[in-house]
Amino acid sequence: MVVPDGLGYRIIRSRREEPIIAVSITHIVGYSDWSLLVTLFIDEFGVEFVKKALALTPRAKHVKLVTRKEHQQISLVEELKNEAEKLGYELEVEVSKRLHVKIYASDHRLLITSANLLESSLLKNVEVCVYVEEVVREIENILEFNSGSSGSGLL
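The letter at position 83 of the sequence shown is residue 85 when you use my numbering, and the numbering goes up by one with no holes.
Just so you know, these hints were derived from the structure itself, not from any lab.
Heads up, a few of these hints could be off.
Unchecked claim - Cut-off 20 Å, straight-line C-alpha distance, at most; resulting in silico cross-link-like pairs (EDC-like, lysine to aspartate or glutamate): (1) Lys66 x Asp45; (2) Lys54 x Glu87; (3) Lys53 x Glu121; (4) Lys66 x Glu81; (5) Lys54 x Glu85; (6) Lys54 x Asp35; (7) Lys63 x Glu96; (8) Lys71 x Glu81; (9) Lys53 x Glu81; (10) Lys71 x Glu46; (11) Lys63 x Glu85; (12) Lys126 x Asp45; (13) Lys83 x Glu72; (14) Lys99 x Asp45; (15) Lys63 x Asp35; (16) Lys71 x Glu96; (17) Lys63 x Glu81.
Using the sequences and the hints given, assemble the complete structure.
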């Protein structure tokens, strides 16, 4: 279900028959010059999912994955890093001990969600997210609004 609110934002609710969050993440990873993937957990399905998204537009670009250092995830992340390099991507991995947020972002899109890069999150669970297109334009609008105000802006 997609609900437009007139401001360029969409509220998306995903369910098994309609994995909109998975499609949104695919667009973020596969069709951007850079991507940021912040996820608490990633499983084998998540690794394969990201690999397929990277293969959509194989060209030199930068992908950053921020995740927790769970023992079972270490080999999966290394596998993803090796595959990304084969496709011509630079995959940077950062580990966070206190991570809970899930954010998927690129030069044009932003997705803030409850979904990890897990099969259950992407295909089975009911997950909620906020999806923003034209991220750069929205940030520029906020900064322009703020700089034009008399100190009572958003920032």
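For each hint, the structure was consulted:
no.	hint	result
1	Lys66 x Asp45	holds, 17 Å
2	Lys54 x Glu87	holds, 14 Å
3	Lys53 x Glu121	holds, 14 Å
4	Lys66 x Glu81	holds, 15 Å
5	Lys54 x Glu85	holds, 10 Å
6	Lys54 x Asp35	holds, 16 Å
7	Lys63 x Glu96	holds, 17 Å
8	Lys71 x Glu81	holds, 15 Å
9	Lys53 x Glu81	holds, 10 Å
10	Lys71 x Glu46	holds, 15 Å
11	Lys63 x Glu85	holds, 14 Å
12	Lys126 x Asp45	holds, 14 Å
13	Lys83 x Glu72	holds, 16 Å
14	Lys99 x Asp45	holds, 18 Å
15	Lys63 x Asp35	holds, 5 Å
16	Lys71 x Glu96	holds, 9 Å
17	Lys63 x Glu81	holds, 18 Å
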